Amino acid sequence: MISSAGDSIEYQERDFALLRGLFESRVMTLEHLAALYFEGRKEAAKKRIQKLKAAGLLAERPRRVNEPSVHFLTAKAFKLLLEHGYLAAYPKFSESALLKRAQVSPLTLRHELQIMDVKAALYAAIAKTTTFKVVEFSTWPVLYEFTARRPATSRAAASSVLVKPDGFIRIHEQEPGGGLSEHTFFLEVDRSTETQETLVLRAASYNDYYRRGGLAVRNGQPASAYKDFPFRVLIVCKSEERRDNLARRLLQNNPPTLTQAWLTTMEEIISQPLGAIWVRPVDYRDERRQGTASTLRKHALFRD
1 MISSAGDSIE
11 YQERDFALLR
21 GLFESRVMTL
31 EHLAALYFEG
41 RKEAAKKRIQ
51 KLKAAGLLAE
61 RPRRVNEPSV
71 HFLTAKAFKL
81 LLEHGYLAAY
91 PKFSESALLK
101 RAQVSPLTLR
111 HELQIMDVKA
121 ALYAAIAKTT
131 TFKVVEFSTW
141 PVLYEFTARR
151 PATSRAAASS
161 VLVKPDGFIR
171 IHEQEPGGGL
181 SEHTFFLEVD
191 RSTETQETLV
201 LRAASYNDYY
211 RRGGLAVRNG
221 QPASAYKDFP
231 FRVLIVCKSE
241 ERRDNLARRL
251 LQNNPPTLTQ
261 AWLTTMEEII
271 SQPLGAIWVR
281 PVDYRDERRQ
291 GTASTLRKHA
301 LFRD
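End of the sequence shown = 304 in the working numbering, gap-free, step of one.
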């Protein structure tokens, strides 16, 4: 435990992990914090968060009576993390930038809370397994943004675009023989304001990033080693209709997006994150060839 002069609280390592998580994710509800740092124990989370708030480390956004509490980091917590070296791996950030970053529009807030819903659901489900472990789940786009070559469309010429993923995930799997394998994902949570075409072009950007060896280079390897750094793009849609339409549209990409994109709905990933809830564009192609909707296959994230 670590105590700080002037504070009536002894800091635990979990406190620093929680504060660092809020620094990166910007906002979280009590349910998110409980799932990520208290093994789902809401009462324990509530008591500790009250102490952190009393110590001036956390604050809440204004809310209506029926809305969940949304917590964000204070300037005091930011200074504490800096003092103890917990932000060394992040881009340099000023106190004023931190406070400005916490002030988001209701639309952006809704989207970021949905991203955290997905993170909390996956994290909690994986924590209950003995085979898998989350080693990284970043939801700060600036940490994993990349430039991709966007193909020409009927409305625009080919161009370079900056892609800001909603999340970047690395999960380790313990193999039966004692080895370790890694699963890598980018996360995209469907915004209610986005057109389908936006997601289609984004999927093409991920394909370009993969084939140009972007992830290989990020890991210190030559771009030619791109096949050694595969990843999947998890797209969480707001409805089954949106998912189905998007998957079929991805087949029209050039080259078509077949297996890199995995799609599900928000309802499914919250209720059964490790279940057979994912579909790929290639599954819709196979469904069409076989001529019956009953053949549409769904996949689990692991061991499919």
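Watch out, some of these pointers could steer you wrong.
Computed cross-link-like contacts, BS3-like style, restricted to lysine-lysine with a CA-CA straight-line distance of at most 30 angstroms [as the list claims (entries may be wrong)]:
#1 Lys128 x Lys100
#2 Lys79 x Lys128
#3 Lys164 x Lys92
#4 Lys133 x Lys298
Bear in mind the hints are in silico, worked out from the structure with no lab data behind them. A quick note: this is a predicted structure, and the numbers were derived from the prediction, not measured.
Okay, the hints, checked on the actual structure:
1. Lys128 x Lys100: 36 angstroms, violated
2. Lys79 x Lys128: Judged against 30 angstroms, a Cα distance of about 34 angstroms means the pair is violated.
3. Lys164 x Lys92: 19 angstroms, holds
4. Lys133 x Lys298: 23 angstroms, holds
Of the numbered hints listed earlier, those contradicted by the structure are 1 and 2.
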